[in-house]
Amino acid sequence: MKFFHYVIVFLFLFPDVALAHRFIMAAWIEGQEVCVTSAFSDGSAPYGATIEIFAVGGVEPLVVGKTDENGQYSCAIPKNTALRIRGDAGMGHQGEKIISKEEVAAAFAPPSPELAVKAENATVSSSEGGMPSPQTASGSAVLAMDSAELSRIVEAAVEKKLRPVVRQLATAEQHRGIDIRDIFSGLGYILGLVGLGTYMGYRQRKNRRK
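Position one of the sequence shown corresponds to residue 235 (my numbering), numbered consecutively onward.
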């Protein structure tokens with residue numbers, strides 16, 4: 235029975251071990267920065283968590299930093315390649331996210347020179363018959379684009395509009411609270427301790443009989 239007393243004391247002294255909080259992390263590209271936000275499943279912010287940014291397939295981190303009091307971190311994009319972001323808040327609380335090469339490359343993509351030339355030609359062509367209105371010049375420029383260029387512009391605009399949504403979803407995920415997986419993890423840990431205590435008690439009784 236003494237062992238069970240020790241178990242109870244242990245659970246009171248180290249509740250975070252008995253029911254560990256999940257570490258939740260989100261990462262994305264905004265402008266020319268890598269942005270990271272993180273939290274524990276109870277909504278608290280992991281201040282000072284280590285953030286390491288690797289090239290996918292790389293061993294040495296390109297950048298190492300710490301989260302602020304809000305569990306956030308940002309830095310300039312270290313390399314134009316797919317990135318692996320790893321977060322470590324200690325006590326086994328870790329998370330990892332991948333940012334695709336395409337998403338990183340989009341941040342470095344300059345405005346298409348072909349688009350500028352086509353827009354200029356469309357404006358000049360329209361002005362031959364008189365000074366066009368801004369709406370007419372804009373419409374001519376759009377008509378002059380090829381479908382691939384128009385598709386790229388639309389995708390970039392949609393991605394820009396979706397970034398705040400990504401942040402909101404990440405924040406919502408962070409503040410969901412403890413879910414069923416956390417509960418079962420804690421119960422599994424406690425049952426494991428109880429099983430160990432039962433086994434040790436059995437061994438002690440067996441030794442006494444000898």
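Check before you lean on any hint, since a few could be wrong.
In silico lysine to aspartate or glutamate, EDC-like type, Cα no more than 20 Å apart, as pairs [unchecked claim]: (1) 313 to 276; (2) 300 to 336; (3) 300 to 286; (4) 335 to 303; (5) 335 to 294; (6) 440 to 337; (7) 335 to 276.
Keep in mind the hints are simulated off the structure, nothing from the lab.
Checked hints:
1. 313 to 276: The given pair, whose Cα atoms are some 34 Å apart, is violated under the 20 Å limit.
2. 300 to 336: violated, 26 Å
3. 300 to 286: Holds: residue 300 and residue 286 sit about 9 Å apart, inside 20 Å.
4. 335 to 303: Answer violated: residue 335 to residue 303 is near 30 Å, above 20 Å.
5. 335 to 294: holds, 18 Å
6. 440 to 337: The given pair, whose Cα atoms are some 64 Å apart, is violated under the 20 Å limit.
7. 335 to 276: violated, 32 Å
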